[in-house]
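J.: The listed protein sequences correspond, in order, to chains E and Y. With the first letter of the first sequence counted as 1, position 445 gets the number 445 in full-length UniProt numbering; the numbers rise by one all the way through. With the first letter of the second sequence counted as 1, position 60 gets the number 60 in full-length UniProt numbering; the numbers rise by one all the way through.
Be aware that one or more of the hints could be misleading.
Stated by the list, open to error - Derived DSBU-like pairs (lysine-lysine); straight-line CA-CA distance at most 35 Å:
{"hint": "1", "chain 1": "E", "residue 1": "Lys361", "chain 2": "E", "residue 2": "Lys326"}
{"hint": "2", "chain 1": "E", "residue 1": "Lys361", "chain 2": "Y", "residue 2": "Lys91"}
{"hint": "3", "chain 1": "E", "residue 1": "Lys415", "chain 2": "Y", "residue 2": "Lys91"}
{"hint": "4", "chain 1": "Y", "residue 1": "Lys91", "chain 2": "E", "residue 2": "Lys87"}
{"hint": "5", "chain 1": "E", "residue 1": "Lys419", "chain 2": "E", "residue 2": "Lys361"}
{"hint": "6", "chain 1": "E", "residue 1": "Lys268", "chain 2": "E", "residue 2": "Lys415"}
{"hint": "7", "chain 1": "E", "residue 1": "Lys246", "chain 2": "E", "residue 2": "Lys361"}
{"hint": "8", "chain 1": "E", "residue 1": "Lys415", "chain 2": "E", "residue 2": "Lys326"}
{"hint": "9", "chain 1": "E", "residue 1": "Lys246", "chain 2": "E", "residue 2": "Lys268"}
Calculated from the structure, these hints are not laboratory results.
Each chain is listed here by its residues.
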Amino acid sequence: MSDELIRLSAAALGAKLASGEVSSVEATRAHLDRIAAVDGAVHAFLHVEGERAIETAAEIDRQRAAGAPLGPLAGVPIAIKDVLVTKGMPSTSGSRILEGWIPPYDATPVTKVREAGMIPLGKTNMDEFAMGSSTEHSAYGPTHNPWDLDRIPGGSGGGSAASVAAFEAPLALGSDTGGSIRQPAHVTGTVGVKPTYGAVSRYGSIALASSLDQIGPVTRNVLDAALLHDVIAGHDPLDSTSIPEKWPSMADAVRRADVSGLRIGVIKELDGEGFQAGVRQRFHESLELLEKQGAEIVEVSAPHFEYAIAAYYLILPAEASSNLAKFDSVRFGLRVTPEGGGTVEQVMSATREAGFGPEVKRRIILGTYALSAGYYDAYYGSAQKVRTLVQRDFDAAFANVDVLASPTAPTTAFKFGEKMADPVSMYLNDIATIPANLAGVPGISLPSGLAPEDGLPVGIQFLAPAREDARLYNVGAALEQLLEARWGGPLLAQAPDLSSHELTATEEGAL
Amino acid sequence: MSEITAEQVAHLANLARIALTDEEIEHLTTELGQIMHAVEQVSEVATPDVPPTSHPIPMQNVFRDDVVGTTVLTADEALAGAPESDDSRFKVSAILGEEQ
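Looking at chain Y on its own, in the form it has when it is part of the complex (with noise of 0.2 Å):
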């Protein structure tokens, strides 16, 4: 399988939001490298006739009716532990930046 590089880590970074150092990128570039050459055997095993399991348990959808619980938070609960709100409502900064 492909190397990984220093660009795709950084990429990686963007898409899961974390706004990773330049050192951190060059350090876990080295490192997941590592970690997926430990991780590959699994295409070893891995045969086309072996059917994928994602869940360890067989189950069926579950499904309820459609009212309200008893355990729903109010909205001064549910707004307790935000860092910032407005009346009932979460307040975040500008979604668009100035050259969007």
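The shape of chain E in the complex, shown without the other chains (with noise of 0.2 Å):
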């Protein structure tokens, strides 16, 4: 029974909790439980509730009873990346300089994920302050890939991707900036949404890029995805850059599942060169299936994407230099004081170099280098102008076609430590997420397949323009149909056993 409940979708544990079939406490228990089993040899929590949860499920089982209104989710316990503050819970967003810090509040979109009656479970590991593609920067140790334990699970959001692979959580909440949402899905054979900039607030998300980053849904299905995006999405005061118009229903895309008459464009510069060769084959499988369901394929010409990753490790850094300005060791966090004392300069800086990993320090320094008198036109005023560059390739190709595809990433996940001493090979990594940070468009990776070479999982990439989100639900919905039809069932069906063959580094990782 337990073992059946962690494997269904949210959609489906949610009717099972409507029709009075299954309690919240039941469901709850189960993950919490799977989370006792796998999650030493896993490592995707930094923080589990354990019976807080269950009380807050026996809350909404009280209220499912008393007849009260509740949504498709209610009851469906959520994991929740630790970018996002919880009130209650800690939030370290992967880092020292915050362990043990409890916020007194809650992020919006957990606010939402809460009235909608969602049980979280706990909060999932990362790369510190979503600074990496690979979870090795988390700095409570990596989170390990549920299909091969030796390798990433991808990131920043590692541990939302590998909770929901692993059963451990239904569906996730994740932030993107530069694809920590996308990757991780497309390594881990999972499901991850980036919105569109705007759509989802980004109040109490511990801000790494402001202009980039937005919080998103992170599930085992395309359906799941929507669903968490309708609680999500919205206008909130609270965050000024968030998009004041109602959205329609992405439950309602996935429902309609129809790409006769979708014209699809083929992102040329992301299809080729550098992209393992089963990445390729699984992405041009799906775009034959789609075709042969009334698809139009075309390609198009982004000429402007191969300086994307240029332009957004100069913006990125930038940003996040002045948004970790506020890790000043006075109002949370750890303080350091330097031996025989200081002054608060002395104590902030001392912090600083104990509270930040490497790669946080690495890329304060380049941001705080290329925002500095002498260089900034040449550095970020230059990476400003390729974001107008790169939305301008966005706009050419929406002229002719309804959504964008490519790979979503260019390999298979890693082995651990291979790209560590190598941070610019890291960096190329993101190069088919990247573009849409910068133009703020929405973007979504499904799985597409396993790699034939070495058996790991392969996603694909939908970009729509801004605001049209509801395309991804749509032509993604319609893509898990075919590929699960030709694989008899979903791709995870397919992942190794955790629960048999992982015990004993469980009991290892507890000792």
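Dock chain to chain to rebuild the complex, using the hints, since each chain is given by itself in its own frame.
T.: Listed below in structure tokens is the structure:
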């Protein structure tokens, strides 16, 4: 029973909860048991709510019994990326500098999932302040990919993606600044959506780069992502970059799942050199399936995408160096006083030296440099111009097609340590995901199969014009149906059974 | 563009208030040089006729009425996570050093 519960989609679990077949306490308990069994090996969580989650679930069960009107995800457990602040739950953003901090308020997306009756299970691991593509930059140790525990789960939101891939949670919240939702989805065989910039409030999201960050759903299927998207999207007066217009239902778009006459543009620059053969093979097979269903596949060019990574690695550190100035040892988090005392400035410097990891220091220094007098125009100014050029590439492409498609990332999951010594090669991993953040457009990654050469998951990415998130759910749902018919079920059904062969590792991890 | 020196990195670390060790400065000097080399290609296409973009979605400034909202923290809540506080204030060490 317990194993059956954790393998249900969020939508299916929600339906069983609504019909009274299962209680939220039972569903929550099943997921907590799963976390206890496998998270020693996976390490998706930095904090688990435990009995408090059971209490929350019991309250939802009481409301349901009393006949309260509840939404489709009420009573469904959810994991929350540690970048979002949570009242009464530790929030570290993967950094030592926030170890033990308990925020006094909830981020808006957290408020919304609580209002929808969902049960927060805990906080998921991430690269420190979301700086990374592997979770190897987490101050609390990496998360392991449930498909192969020696490999990275993607990043920065590797914890959220691994938690749903390992059936520790039916769905999770993530954040995407340059691919931190979509690239982990790609390497773990899960679904991740970066909504249009401003669709979901950033209030209470510990900011990395404010003009790029966006909160979004992390799930095992497209419908669950849509249901969660519908919960968290919407205008928030507490975020002045929040889009005021109303949104159509993403779940309705999933139920439409009709690609006849849909024009899909294949981005030429993201379909060749540097992309693993199996990644490209699964990508083209997916396109053929869609074409058979009546979609029209056309090649488009985005000539400035090759400059996007360079622009991103100037804009992101610039914004991050400013955002991370708030970690000053005064209002929250760590304080380290130099031996024999010191001025507030010396305390601040000692705290930041001890509290930040190497990647965070690297990017703060880089950002400080890019913004400094004499270099501002050449670096930050030029990067902002590239941003315009990338947006123009999107505008030109979307004048001719409804959605764009590419592999989500160039390779399948790499092994731990493989790219740690070379920051530039780590940065290249984000080549297909970064342009969407620079332009603010929405993107989805869903599984397109396993790469034949290594048996690891591969994702396909669709991008739509700003505010047209529903198009992603429509095409994503259509492709998912076609692929699952071919596979005979979800891709994750082919993942290794962690509960049997990883028990030893779990026990070792607990020692 | 110019090469990055260890003195520059030390200066940047001071501006960013991070007490880097000499070893870290040495390491970062090499890495920053490599990263800046990789990103300076932005200047190839950033010609004077291209306007800069700072924000992905065009937006107007947002105003609200100047009234106290419903999400305001109490002093106790605001101070709850502070490393050190005194009554209703954040407490820090001396602002000025002896020589100042």
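J.: If a hint holds in the structure, say so; if it doesn't, say that too.
T.: Going down the list of hints, with the structure as the test:
no., hint, verdict
1, Lys361(E) <-> Lys326(E), "holds, 14 Å"
2, Lys361(E) <-> Lys91(Y), "holds, 26 Å"
3, Lys415(E) <-> Lys91(Y), "violated, 45 Å"
4, Lys91(Y) <-> Lys87(E), "holds, 23 Å"
5, Lys419(E) <-> Lys361(E), "holds, 18 Å"
6, Lys268(E) <-> Lys415(E), "holds, 28 Å"
7, Lys246(E) <-> Lys361(E), "violated, 40 Å"
8, Lys415(E) <-> Lys326(E), "holds, 34 Å"
9, Lys246(E) <-> Lys268(E), "holds, 34 Å"
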